[in-house]
Amino acid sequence: MLVGLASHSERDRVTLLIDTTGISEEDANLLLSGVVMNLLMEEDIDVSENLEISLVGQLAPIQWDALKAHLQGRIVLDCENEQAIAQTGFDDIPTFLLDQRR
816 MLVGLASHSE RDRVTLLIDT TGISEEDANL LLSGVVMNLL MEEDIDVSEN
866 LEISLVGQLA PIQWDALKAH LQGRIVLDCE NEQAIAQTGF DDIPTFLLDQ
916 RR
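In this note's numbering, the protein residues as written are 816 to 917.
Think of the hints as simulated: they come from the structure by calculation, not from any bench. Virtual Cβ for every residue (Gly too), placed ideally from N, Cα, C. It is possible that part of the hints are untrue.
What follows is a set of in silico ranges between Cβ atoms, one per label pair, in the way DEER data are often shown [stated by the list, open to error]: (1) E840 - I900: 19 to 27 Å; (2) L855 - D906: 32 to 40 Å; (3) I908 - G819: 16 to 24 Å; (4) I908 - L855: 24 to 32 Å; (5) V850 - G872: 12 to 20 Å; (6) L886 - S863: 31 to 39 Å; (7) V818 - E895: 17 to 25 Å; (8) M856 - P909: 14 to 22 Å; (9) A884 - E857: 35 to 43 Å; (10) G904 - D859: 12 to 20 Å; (11) E840 - E864: 16 to 24 Å; (12) V891 - E867: 34 to 42 Å; (13) A901 - A881: 16 to 24 Å; (14) I890 - G849: 19 to 27 Å.
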């Protein structure tokens, strides 16, 4: 997914938000750093230069509402937390399969 987003023609207009609810900030950063390093070493893709990534932790409903107002869509994943998506109201945001965004 990160490779597809990093090479997307409109990547300068994309920010990838990753929900880290249920995982410590340190663990989330370590995991993301490991993935980014792996892509750099194995695929020679520097995701950190091509893509804005923001980790989003526990937010209050009003904060989710404010964030939702700025979202244009979300990427459908094989393993999604459907309950969290419904609770935040993000189930009515347009969805994209990653290959549709290329």
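I want to verify a distance hint. Is the separation of the beta carbons of M856 and P909 within 14 to 22 Å? violated (34 Å)
Range first: 19 to 27 Å. Now tell me if the beta carbons of E840 and I900 are that far apart. For E840 and I900 the Cβ distance comes to about 21 Å; the hint holds.
How does the Cβ-Cβ distance of L855 and D906 compare with 32 to 40 Å: does it lie in that range? holds (34 Å)
message: For the hint 24 to 32 Å, verify it against the beta carbon of I908 and that of L855.
response: The hint (24 to 32 Å, Cβ to Cβ) holds, given that I908 and L855 are roughly 31 Å apart.
Status of the given 16 to 24 Å range, CB of A881 versus CB of A901: Since the Cβ atoms of A901 and A881 sit about 18 Å apart, the hinted range of 16 to 24 Å holds.
Q: Evaluate the given range 35 to 43 Å for the C-beta pair formed by A884 and E857.
A: holds (38 Å)
Does the Cβ-Cβ separation between I908 and G819 fall within 16 to 24 Å?
holds (19 Å)
Worksheet item: Honestly, do V891 and E867 meet the 34 to 42 Å range at C-beta?
Response: Cβ of V891 to Cβ of E867: about 20 Å, so the range 34 to 42 Å is violated.
### Task
Check the following: the C-beta atoms of G904 and D859 are separated by a distance inside 12 to 20 Å.
violated (39 Å)
Pairwise beta carbon distance, E840 to E864, judged against the given window 16 to 24 Å:
Cβ of E840 to Cβ of E864: about 23 Å, so the range 16 to 24 Å holds.
Do the Cβ positions of L886 and S863 conform to the proposed distance bound of 31 to 39 Å?
Between L886 and S863, where Cβ atoms are some 22 Å apart, the hint is violated.
Is it true that the C-beta distance of V850 to G872 lies inside 12 to 20 Å, as the hint says?
At 18 Å between Cβs, range holds.
The structure fails to meet hints 6, 8, 10, 12 from the earlier list, while all remaining hints are met.
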